[in-house]
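J.: The chain contents come next:
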Amino acid sequence: MYKTAMLTKDLVAASSKPLLLSILAGGESYGYEIIQKVRELSGGQIEWSDGMLYPVLHRLERDGLIDSEWKEADTGRERKYYFISSDGYKALKTERQQWLAVHNTLSRLWKIKPVSI
Amino acid sequence: MENQTRFDLNAAIGGWRQALAVQSGLSPDDRRELETHLRDAIAGFQQHGLNDEESFWLACRRVGQLQQLGDEFAKADPTKVWRERAFWMVLVLFLSSVLMSVIDVMAFDLQVVRTPLDNGFLQMMQTIAREVVALSPILIPLVIALLVRSKKMVHLFLKLTRFIENRLHLAIGVSGILAIAAALVTIAAKMHNARIDSLGLHSARLHLTVSIWQVLNSTFCYPLMIALVLFLLMPSKNRKTSKCA
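For the protein sequence lines, the chains are A and B, in the order given. Counting in this note's numbering, the first sequence runs from 1 upward without gaps. Counting in this note's numbering, the second sequence runs from 1 upward without gaps.
Think of the hints as simulated: they come from the structure by calculation, not from any bench. Yeah, the Cβ is synthetic: ideal placement off N, Cα and C, and Gly gets one too. Treat each hint with caution, since some may be false.
Derived, one-sided and incomplete: chain A residues facing chain B with beta-carbon distance under 8 Å [unchecked claim]: (1) 27; (2) 45; (3) 49; (4) 50; (5) 54; (6) 59; (7) 76; (8) 78; (9) 79; (10) 80.
Residues of chain B placed beyond 10 Å of chain A at every Cβ, according to the derived structure [what the hints assert, rightly or not]: (11) 82; (12) 143; (13) 146.
Construct the entire structure; sequences and hints are all you get.
T.: Right under this line is the structure:
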């Protein structure tokens, strides 16, 4: 069934940038928490391989869209926290427009109510 | 694994860490981040009622194949891996250059005052000893390379990477080494000068005694330059730690 199928590899790769930027736009976070959030929000349909998340985060960081910092959590465990930069917000805006354009086009074809940009 | 064997979670994580350490393409920072993730995942499974062993294996599965991980990390930032490698190479270069400078000053004393010896055999032994001492800085990288190849150094190497976590640590370490070297060179130069005096070579004093300042200058020019390169290569970002609110 298509309804329960997992995202294809290409789609996972393409959607990781807007997903990560959107999550971080909601507040700083660390790898494990981000994975949990994506799993939860997608109802398990978007399943990232945990370790592969980090190269993506590092690429976004190198592009200046996010920053990172090691911080000690309440539990005493140190974690690397990521947060979105001002360039990241700009990139997110563009991503949002592009994804909604795709979404709206498909929605019209499938006769679903489009979402306003 | 047999039922009665108790599963040691810390040992298992230690083994995982070692397997990760031999993957090229991962920086110490990457490894640290992945280990935190593994521990978070283990804790998550434990909260769901799984035991240590089950949690560990599931968390490992989640994190993924280590070989694949190394490749992906290297693809994300190919220059970083080389920057880190260059850092360690320059660190070894720094240590051997300091050692070479110190040995130079000490060997200078040997050459001027102790030779020639009357006894031919002793003289030969002394020459051999001097050559071995003079060559020892070149042997350091060789010994380190052999140790790294044997993979026995992984544990020690990991400890070292944790020790050099930021530029402050590096600065303290580098100045400490330079201070020890400066002290050794000064003592060697003073002993040399004192020996010249005691031997009554006053007429030749101009040629035989050494100015300690000059020695220090010539000794530390090169190591200081290398130390500067070390600081430039040191990835300072992401190493800082602050308390989370």
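J.: A separate judgement is required for each hint: does it hold in the structure or not?
T.: Checked hints:
1. 27: This interface hint is violated because 12 Å lies over the 8 Å limit.
2. 45: This interface hint is violated because 17 Å lies over the 8 Å limit.
3. 49: holds, 5 Å
4. 50: Nearest chain B Cβ about 5 Å off; hint holds.
5. 54: Holds: closest Cβ of chain B sits about 6 Å from residue 54 of chain A, inside 8 Å.
6. 59: holds, 5 Å
7. 76: Violated, about 10 Å.
8. 78: holds, 6 Å
9. 79: With a closest approach of 5 Å, the residue 79 of chain A hint holds.
10. 80: Hint holds; residue 80 of chain A Cβ to chain B Cβ min 5 Å, cut 8 Å.
11. 82: holds, 14 Å
12. 143: Answer for residue 143 of chain B: holds, closest chain A Cβ roughly 33 Å.
13. 146: holds, 31 Å
Hints 1, 2, 7, counting from the list given before, are not met by this structure.
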